[in-house]
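Turn these sequences into a full structure, and let the hints guide you.
There are 2 protein chains.
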Amino acid sequence: MASIAEEIIPTAWNRDFEKISDHLAPSLARWNRSPQRLVTFEADQAAYFGVRASPDNNGIDRLPSLAWGKGDEFVLDFGVHMVGYLSFKLNCVGANMDAPCRLRLTFGESPLDVTMPMDNVETWISTAWLPDEVINIDMCPEAVSLPRRYSFRFLRVQVVDTSPKFKVAFSDVECECVSAISQAHELDAVAFSSPLLRDIDHCSISTLRDCMQTVFEDGPRRDRRLWSGDLRLQALANYSTLRDFNLVKRCIFQFAAVIREDGSLPACVFEKPKLSPSSDYIVDYDALFASIVLDYVVESGDVSAGEMLWPTVLSCVKRSLAHVNPETNLFEVNRSEQWKFLDWAPTLDKNAGSHGVLIYCLKAVNKLATILEKEAPHLDTVEKMAKAARQFVSKDNVFISGTENQISYASAAWLVLAEALPEDVARSALLNTISHADAVKPLTPYLWHHVCDALVTVGCYDECLKIINDYWGGMVRAGADTFWECYDPQDARASPYGDVRNNSFCHAWSCTPTYLLRGKLLDAVSGKVTGKVTMGELDEQWIQRSVGQNE
Amino acid sequence: MASIAEEIIPTAWNRDFEKISDHLAPSLARWNRSPQRLVTFEADQAAYFGVRASPDNNGIDRLPSLAWGKGDEFVLDFGVHMVGYLSFKLNCVGANMDAPCRLRLTFGESPLDVTMPMDNVETWISTAWLPDEVINIDMCPEAVSLPRRYSFRFLRVQVVDTSPKFKVAFSDVECECVSAISQAHELDAVAFSSPLLRDIDHCSISTLRDCMQTVFEDGPRRDRRLWSGDLRLQALANYSTLRDFNLVKRCIFQFAAVIREDGSLPACVFEKPKLSPSSDYIVDYDALFASIVLDYVVESGDVSAGEMLWPTVLSCVKRSLAHVNPETNLFEVNRSEQWKFLDWAPTLDKNAGSHGVLIYCLKAVNKLATILEKEAPHLDTVEKMAKAARQFVSKDNVFISGTENQISYASAAWLVLAEALPEDVARSALLNTISHADAVKPLTPYLWHHVCDALVTVGCYDECLKIINDYWGGMVRAGADTFWECYDPQDARASPYGDVRNNSFCHAWSCTPTYLLRGKLLDAVSGKVTGKVTMGELDEQWIQRSVGQNE
Chain A
1 MASIAEEIIP TAWNRDFEKI SDHLAPSLAR WNRSPQRLVT FEADQAAYFG
51 VRASPDNNGI DRLPSLAWGK GDEFVLDFGV HMVGYLSFKL NCVGANMDAP
101 CRLRLTFGES PLDVTMPMDN VETWISTAWL PDEVINIDMC PEAVSLPRRY
151 SFRFLRVQVV DTSPKFKVAF SDVECECVSA ISQAHELDAV AFSSPLLRDI
201 DHCSISTLRD CMQTVFEDGP RRDRRLWSGD LRLQALANYS TLRDFNLVKR
251 CIFQFAAVIR EDGSLPACVF EKPKLSPSSD YIVDYDALFA SIVLDYVVES
301 GDVSAGEMLW PTVLSCVKRS LAHVNPETNL FEVNRSEQWK FLDWAPTLDK
351 NAGSHGVLIY CLKAVNKLAT ILEKEAPHLD TVEKMAKAAR QFVSKDNVFI
401 SGTENQISYA SAAWLVLAEA LPEDVARSAL LNTISHADAV KPLTPYLWHH
451 VCDALVTVGC YDECLKIIND YWGGMVRAGA DTFWECYDPQ DARASPYGDV
501 RNNSFCHAWS CTPTYLLRGK LLDAVSGKVT GKVTMGELDE QWIQRSVGQN
551 E
Chain B
1 MASIAEEIIP TAWNRDFEKI SDHLAPSLAR WNRSPQRLVT FEADQAAYFG
51 VRASPDNNGI DRLPSLAWGK GDEFVLDFGV HMVGYLSFKL NCVGANMDAP
101 CRLRLTFGES PLDVTMPMDN VETWISTAWL PDEVINIDMC PEAVSLPRRY
151 SFRFLRVQVV DTSPKFKVAF SDVECECVSA ISQAHELDAV AFSSPLLRDI
201 DHCSISTLRD CMQTVFEDGP RRDRRLWSGD LRLQALANYS TLRDFNLVKR
251 CIFQFAAVIR EDGSLPACVF EKPKLSPSSD YIVDYDALFA SIVLDYVVES
301 GDVSAGEMLW PTVLSCVKRS LAHVNPETNL FEVNRSEQWK FLDWAPTLDK
351 NAGSHGVLIY CLKAVNKLAT ILEKEAPHLD TVEKMAKAAR QFVSKDNVFI
401 SGTENQISYA SAAWLVLAEA LPEDVARSAL LNTISHADAV KPLTPYLWHH
451 VCDALVTVGC YDECLKIIND YWGGMVRAGA DTFWECYDPQ DARASPYGDV
501 RNNSFCHAWS CTPTYLLRGK LLDAVSGKVT GKVTMGELDE QWIQRSVGQN
551 E
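As given, the protein sequences belong to chains A and B, one line each in that order. Quick note on the UniProt record's numbering: the first sequence kicks off at 1 and runs consecutively. Quick note on the UniProt record's numbering: the second sequence kicks off at 1 and runs consecutively.
Be aware that a few hints might be false.
Identical copies look the same in the list; a pair holds intra-copy or inter-copy alike.
[Said to hold, decoys possible] Here are the simulated BS3-like cross-link-like pairs (lysine-lysine), alpha carbons at most 30 Å apart as the crow flies: (1) K532 - K520; (2) K387 - K367; (3) K387 - K89.
To be clear, the hints were calculated from the coordinates, so they are not data collected in a lab.
Following this line, the structure appears as structure tokens:
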């Protein structure tokens, strides 16, 4: 996620909460993976990315015997998305190594990463995110270990130069993978009704696992940090699968530790070099903190954490509440310049959607109050806002927003999730909106998730499954190992940042299909829990399928 | 030096000699240097390189307070040439470091290195020698330490990217310098008759010191290894100045350790990863090993080393001797395809020069025999070859070579150094050759040294000094801190490798003026030994002069 700068509100540090989060820091699990094959990419108009990987004539076992000189290059395929540290042994082939060897290494999450050049990329976020490194090695044999962490499945190796007197050979190429979730970590094995759903479920879990480091990162490639909007969805997927409550709790307390003087929470925190709030602020993310805490307390049973966080939960909705017109009880986006997100769609009118988000969050506060045996503070406001929400349903029974009566998925999803309307009204307005030709569609998996969750909320399982199969299934068919930050079925090079080479292809906010498939949709997809499986076993199954596809 | 590939002759390892060389491995001295100033380069047609450094408006003390963002750059001037390891502290300036920082660091020995781009360099040796690094830093503050050794005076820092949210600042920039010669190492302080001679002497010593690492390297930037032709000149300069006999002995025994089965020696050895011969072979370098050993024994008094090396000295001239026509007693270049070097000048006819080199070397063998109280083995051959050498002097009294009677400095220098002719004949032919309009001139400092040494041999001190002042003095006037691999007074971008960006500007074979100035020329330049001075003091004096020049 990259964001709009906001005014700076001083931080009212809660050092006790910071200590709680510090004590919950995980020891990262580490394991090694080797490349599965050498691949070449050929143009293929039928493929989503326009290229197709096929195994090189040289089997991976021959790699140590292959010598590469100036201008040579190859791509290694590890068969599975990984987050970790690359090492290899570089050997000299020739009488003497009479010059350094310069290599360019490009870490590919997608085939585009390893088939497009990384020069002259025009992007409005930092080009320092680009996944290439140029390194020079003076002497061989050398055990090369790159100090930075990368997120990748493919490794493109370009030999920029050796000398006329020697070439280089590569052996012992390995990625030391890292995650808060070990290979031995167990989760339910679920049998699905189709290979596509099985793969969607797997990609969701892989995405989640690779984002689970010392915090829930939004994307292990970019920007590698904790955003509250992503955290909420990751936590939901986590409850359905890996059930690491400590990491969720740690992240919740990180946000609560950097509460600001007006009681609001930043949209994002930096864990390193020391815990600190980002200057990014998003009104809807702030309020949704209440939902994150509620979900955590319900799933974990950790009521005492709920008690501790109660003041934070109360204050996190204040800024959002300040947007409500006391006369109309409507959320008015224009009451502040503060950023309301919902989705990246540029023309989106956010009044109705924000109204829905706030009701959803106030209800979460009320539910948490009940669990904590406190008086629910927002019953009256919820009732008034729910009543007011009826005007977001047009006479044609679609969800509308703003002075232009804009029809959008965002408005529909959040007003349905807020359960502000009778279920039959909500259901038909939602279905009408989705099928409306003029409706503003989601641009992000984040909003697609909320559309799916809204559909499930009103029992529209088939419609939800169609989106999952089309949207997330589209990524799987395009070759995804993990789900992406951004997916435009029509344009493989679409990017919110000006250039696809700065996109993240393992991104937290797209990891939720498993939450639905293993949750409310389980029966609808004839899913059956067949026992337990480890993450290592799931990875091995994936590698078998992914490298077997083209062989 | 970069070379022509030769046939491979198996190595007849002398492991005893290798052990001797291993035991002589120096502990490198280490000391830190900080940048003296921020500089900007402006176009200046009067300057040799076409640019002139001037101090930036920001004093170096302000560096830590300066923030640099995408596209910014600056150049640090350390005021003296160094070989070592760069470190600095990188700080984030801004609310948060929300992206990595990508930097390009270019290590400049010359102003061209830090003012020309390093992309798309066309050179027939490896572009991996180019002195730039691209690094990515994920988190600040960060103590950045680059693992490779660099050779430089200037450091160009280009901020490829940060992000719109932060910039970076640099502090604690340091180079940990390394050499076999410490800052406390003492040598004679010599007062010269002119500042130019003082600077030429100093640049010679700096060149020597920066090449003195675990071996005598040809150039610490490129190619960082031991060539016998360079070693001979370095040893001579060393005897006049730093007098580190152990490092010379170590290098001599490294060559003797990798003797080949036919008794010849490679032109170059690799010290790391383990001692091994280069495949490069040069006939004249092989024979000159005898001269290196003789010089060492004479200067150090280490006769026992001479005893041990006697068989190697005997065998190192064999391949050269095989080029002598037994009927004419003339060295015939065409008797083998083996590489005869003398100089890089492409049209040079090498018959006469090689004849001179061989006589010179056979005389060295004979002299060593006398020291070792052995029978001189080549008295007869020397006499015959000296007699035959007369035909290299033309009727016009210039030195000629080959069927075309080519006139060249190379022929003249080596036939004079061989002392094959009566001194008056040699002197006049040498002076006539040097002043002849058609004479093939030297392309390398290596041959210029031999011209100077030849002039001194026949008492032509003024003529020698003129060359030193013009040629080495020309480098000083152009801003040299150390002497270069290649210097063309007419063309600052001349290169034996296709592009000046791959030239070495601290190169062993140009370090000899100090050998002559402190030796046979001392009286001619009214040089006076005034006491002792340390290398550290010499460096400080240089820095004061070099950074004071434009202020």
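Evaluation of the provided hints:
With identical chains, the CA atoms of K532 and K520 are at most 30 Å apart within one copy only, with a shortest distance of 20 Å there and 88 Å across copies. Only within a single protomer do K387 and K367 lie at most 30 Å apart by alpha-carbon distance; the minimum there is 19 Å, versus 112 Å between protomers. Proximity of K387 to K89 under the C-alpha cut-off of 30 Å is found in neither arrangement, the shortest distances being 67 Å within a copy and 59 Å between copies.
When each numbered hint is compared with the structure, a violation occurs for hint 3 only.
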